[in-house]
Every structure is written in C-alpha cells, then in structure tokens.
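Quick note, the sequences are listed as chains A and B, same order.
Each number in this note's numbering corresponds to the 1-based position in the first sequence with 11 added.
Each number in this note's numbering corresponds to the 1-based position in the second sequence with 11 added.
Just so you know, these hints were derived from the structure itself, not from any lab.
Just so you know, not all the hints are guaranteed correct.
Remember, identical chains collapse to one label, so a pair may be satisfied in a single copy or spanning two.
As the list claims (entries may be wrong) - Pairs of lysine to any residue residues, derived as SDA-like cross-links and limited to a Cα-Cα distance of at most 25 Å, are as follows:
(1) K150 to S233
(2) K150 to T190
(3) K236 to S32
(4) K150 to P89
2 protein chains.
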Amino acid sequence: MTEVLERHQDVYPTRVSEGFSAIPRQDPVVWGNATDGPFDASTLDGFDRRGYLMEPDLVTPAEVQSFREELERLSQDPAVRADERTVIEKETQEVRSIFEVHTVSDVFARIANDPRVVNRARQILGSDVYIHQSRVNFKPGFGGGDFYWHSDFETWHAEDGMPRMRAVSMSISLTDNDTFNGPLMIMPGSHRTYVSCEGETPEDNYQSSLVMQGAGTPDEESLEKFADAHGIDVLTGDAGSAIMFDCNCMHGSNGNITPFPRSNVFLVFNSVENACTEPFAAPKPRPSFVGARDFTPAG
Amino acid sequence: MTEVLERHQDVYPTRVSEGFSAIPRQDPVVWGNATDGPFDASTLDGFDRRGYLMEPDLVTPAEVQSFREELERLSQDPAVRADERTVIEKETQEVRSIFEVHTVSDVFARIANDPRVVNRARQILGSDVYIHQSRVNFKPGFGGGDFYWHSDFETWHAEDGMPRMRAVSMSISLTDNDTFNGPLMIMPGSHRTYVSCEGETPEDNYQSSLVMQGAGTPDEESLEKFADAHGIDVLTGDAGSAIMFDCNCMHGSNGNITPFPRSNVFLVFNSVENACTEPFAAPKPRPSFVGARDFTPAG
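In isolation and in its complexed conformation, chain A is listed as follows (with noise of 0.2 Å):
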C-alpha cells in the first residue's frame, strides 16, 4: 500500500521552483524497541527527541589507531590516490576523503560490519541494514573550512533515491573533537521537519556538493527558525568516540584554524526495508560509491 501511495505520491518534494517550505516527518524517528538491545528505552527515547545520541568509548584506543595507521597507508597508496573514490584537495594534494572505504580497505570493513556498530543501526532502524555511505574523512588544521547546514535526507532522497527517512549515520572519531576544531553542530529536534529546498538538481551535482552544498541548500529563514526553535548542540568527543545522528538531522560544521585536524570514519545505514529507488528529483542517481546501489545486509 505504501509502495503504490510512493509512485503516485512524493511525501517529501525537494528541488521544486516554488521556493522552500517545511513538511512535518512523515516516518518514525526509532523504528526498533528496547528489548533488541544494546539500547536502552531511555538512551532510544533521547535519540528520538535530539536526533543523535553520543556513544563515548565506541571502539578502544588500539582500534583507533589501527584506523589512524590505515588511513595513513591508503593516503600514501598510489592505487588508492588515483581512485574516482578518493577526493584530493587540489592546493596541497592531501588526501581528504576516501569513499567506499569498506569495500577499499580490509580494516574499515571490519569497523563497518562490526555488530557494535551494526547492532546499533539495526535497533534504531527495526530492521536489517545496509551500507548506503561509507567514507573516512581528514580535515585539516590552519584553516580546514566549514560545512554549511543541511539534512543529509534531502540529498539522498533527492539524488539517490532514499524513499523514507529511515537511515542512520555513525561518526567515529579518529581524533579529539573540542568546540574549536570544527565539530560537528546538530540542531536537535530538527529532524522532525523536512526542509524542502528549492530549485533543480544540476547534472553531475555530487561532485561539487561533496565539497559545498549547492542544489540541497536550506534557506536562511528557515535555518533562522529552525535555531531560535531547537538552539544549536555542539557535539565534542574523544578520539574513539562515536556520534550516531538521524538522517534528517539539521548539521553542518564550522572551519577550523587551529592546529588540530579532525579524522573520522562515517558510515551511512540505510534499512533494507528502505532500499533506494530511482531519485526523486534528479536526473539520475548518483555513482553507487556515494549512494549504494547494492543492498546487501551489513554485519
């Protein structure tokens, strides 16, 4: 019934020449109960209201730098530096994301089908799931820039096809994040409402909003509601730490001119329930590097 409601009916229009508008969540925030464990009712119940919860000692100090090492050895591997995957800064030729980092490196696929980190999704997704998004990411000190707000729903409904918002993404911090070094900002609460956005989805979009958000961006007004309504929570953890966030989570980070970089691994879970169809407002979906075309069950 759901699926023929969908091709007759878009719950969440974006990308329109109309201009912006809010559309309240057409879909529930947790999908599993308590007793899948390894959450808690209070721990769920705090994800559904914030749209994030932090998990400080995810992985152990060990496991951090093992990523670190291998983040350092696939940023020096030729192979890997001239794959479409791996975004090079152009300026200082550093290496500054590699995507599918679960399909290029033994160790992040371990990380990524690890059942402390698939568990969770499933529990808050209510269902098997599946990589929609892997990637490890280096930001740099002296000047790393900022990433401007926006709901990471909009794109992947938008461009890759994501029907519902039942997706999940987890950020594992490889180094310490403090309010000066560009953390993550989230604004909670925000996830209960869908910014539609405004104008057409360029050809080829991803590979400049991989960078800056172009087409998907929300509009001032909005954003100026949105932080008067639910303020803004600046997300801080130790290196191992992990942030879990709601796919329609309003987020975006400040640029960093201190000497502290930031690295993490970021992982996108999406429910098998969920699978990505043909985009909603793009002209086709975007490599299946960036949106999974594969929908194969994580863990």
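Please arrange chain B on chain A, whose structure you already have, making use of the hints.
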C-alpha cells in the same frame, strides 16, 4: 636608560628575513597592584598567568541595547558609511567595522572613557592609559569569516611603533558569544613568548591586514608548539560581558555558519609611558585611526 637602549636595540625584532623565532617576553604582564582596585589579587594573578580575564556583567542590558541601537544608527548614516574609518563589505554593502569609534560617536566615547573600563586598564598597566585603537565590529552569521592566529603586539610594534608590551585590549560583547558562533580563542600563557615573524611589511599592509593577516602571521610550527604547550581556551559569554586580554596573547577566531551574528566594542589601551614611536619594521606608521598618535589619557 631604557630609552637609550631601545634606540640602539629592538628587544622585539620582527618581519626579518631570517625566519621565525621565539623570544621570551621582556616586560611584566601586570604593572599595577591589587591595592589600586578594582581587581583583587587573585584576578590579577589569573590575568598574569593566562593573559586574559573575563567580566560577566561589565555593562547593563540597557547599555547593551543602547550600544546596539547606536551601531545600527551609525551603519545607516551616509557620512559614516563614506568615512575612510568605516569598513564595508563589498559583496553585501554591510558595515563590518567602524574604527576610532570613540571620536565618531558620543555613545561610544562615553563607554571608552567610563571608569569601569578605564580603571581596569589603568590597574593592569600601572599608569594612565590612552586609547591606541577603538572600533565596533559587526560579524554576520551564515558564513562570517575566520580570523587567523596572531599577536596584536607584533603588529603594533612593527607597524605602529609601540615600544614594549604594556597594552591591553577590552572587547565588550553586544551579542551572546557561544562556542558555535566564532568566539574569541586564546592560547592561555602564550603572552609570555613573542613570536618574531618572517618577511618585510608591504606598503599599506594595514589595508589588507584589517581583513586578513598577511605580514605578521606566525608560522605553523610555532602555532603547533604553542597549542600543544598552552592549549586553546574558547571565550564564551553573554551580551554585556567583557574580555580583557594582554597585547601579546596568541588569539584568533573560527568562522561562523550559524544564524547568530556577533558584534562587539573593541578598545585598546596603551600606557602613556609606552607611547608609540616610529614603527620598528615598517616604512611609516599606520593611519592614526588604526594606531593613535594622540596620547591624551582616557577617562
């Protein structure tokens, strides 16, 4: 004797071609005594160690309101907008800063000479003080830029001819400064070391350096050492609060993608016993609205 020595030997050389170097501070940080008031001994001790202090409620909410209204009025005044002392952003045509604001506006002249302000500067500097620089700043949200690490004294010494470290800045917040909207960051304790910078001062360096630091920018190696040794303090506070910081603090601020702008009144006091001479590393002094040549005591 000091006078004679200074003419023969610059104790704080900078903008030299031989590269960067760290020179221990040759001057006291606190020149006055606790018995002078208004600061008690422990507050002065904290300033001595960290290089800054915070006053949660220096001015009243009604004063903040009147300052904001005056800033708004000045921003609309065609004569002020046309004045060379006013910095206008090209893209948006909005006023970003008004220099020498204590001569432009009666409202700001009063606060710059107010005993709450001047007596604090007098006590730290242990003498009468004059206004070396004053300005109001308006920093927008939604992507307001960063300000890279620097020591003010390096510039004032090189380009304004300030002989020794005996000046203090006061920033009075007209908006709430949170961790997320680009607050002032200081490396506590950095004021005890002078970082000599590389390169000659270009003609009219001030025109670009008011917006972004060029000559007078510390090297990344020094900044890394400083950050590791001292850490970074993020100075947040409500509207009406004030920060006082030593002239040689290493400080900067990140950009601001949040919708919340920041504005402040910025006052630099120098000891009348430390009046500016010829620049130590520039062909001629900067204009007097940036570095005063009138040493009449404030208050």
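Tested hints:
no.: 1; hint: K150 to S233; in the structure: between (28 Å within a copy, 20 Å between copies)
no.: 2; hint: K150 to T190; in the structure: both (15 Å within a copy, 19 Å between copies)
no.: 3; hint: K236 to S32; in the structure: within (12 Å within a copy, 49 Å between copies)
no.: 4; hint: K150 to P89; in the structure: within (20 Å within a copy, 43 Å between copies)
Violated hints are absent here; each numbered hint is respected by the structure.
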